[in-house]
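Asker: For the sequence shown, counting from 1, position 89 maps to 89 in my numbering; every step adds exactly one.
Treat the hints with care, as some may be off.
[What the hints assert, rightly or not] Calculated cross-link-like contacts (lysine to any residue; reagent style SDA-like; alpha-carbon spacing at most 20 angstroms):
(1) K83 / P65
(2) K101 / M80
(3) K101 / E64
(4) K83 / A68
Simulated from the structure, these hints should not be mistaken for lab results.
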Amino acid sequence: MQFCDECGSMMHTEGDTWVCRSCENEESRDSQAEAAMATQDGQRDDGAPAVADATQGSTETMQEPCPADDCDSDRAYSEMMPKPGGSYEVRLFTCVECGHKWRES
């Protein structure tokens, strides 16, 4: 992938030339530089990473009513999770009866 030095737009190839679709700037292609560009060839997709459920195997519960409409349970497992990109944590609950999950509001 090449970006235009004039306007910063992504360029495309036409033969031995990189051409900008925005300002029509042209640059000659450099095969050594292009060989160093990253591609997806040879990379593998392992799928989504496994995410551990901190409530699995947990025996401690707390009194917290389940918000699910069809559940009358008042006990839940709880865990603290860091908020992505934030500086604080959020408490997550899992109902011991129906498995419904929710966060502290």
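Asker: Taking 20 angstroms as the top limit, are the C-alpha atoms of K83 and P65 close enough?
Answerer: Given that 20 angstroms is the threshold and the Cα spacing comes to 23 angstroms, the pair is violated.
Asker: Given the hinted pair K83 and A68, is their Cα-Cα distance within 20 angstroms?
Answerer: Between K83 and A68 the Cα gap is close to 24 angstroms, so the pair fails against 20 angstroms, i.e. violated.
Asker: Given the hint that K101 pairs with M80, test it: the Cα-Cα distance must not exceed 20 angstroms.
Answerer: holds, 13 angstroms
Asker: Given the hinted pair K101 and E64, is their alpha-carbon gap at most 20 angstroms?
Answerer: holds, 12 angstroms
In this structure, the hints that do not hold are numbers 1 and 4, in rising order.
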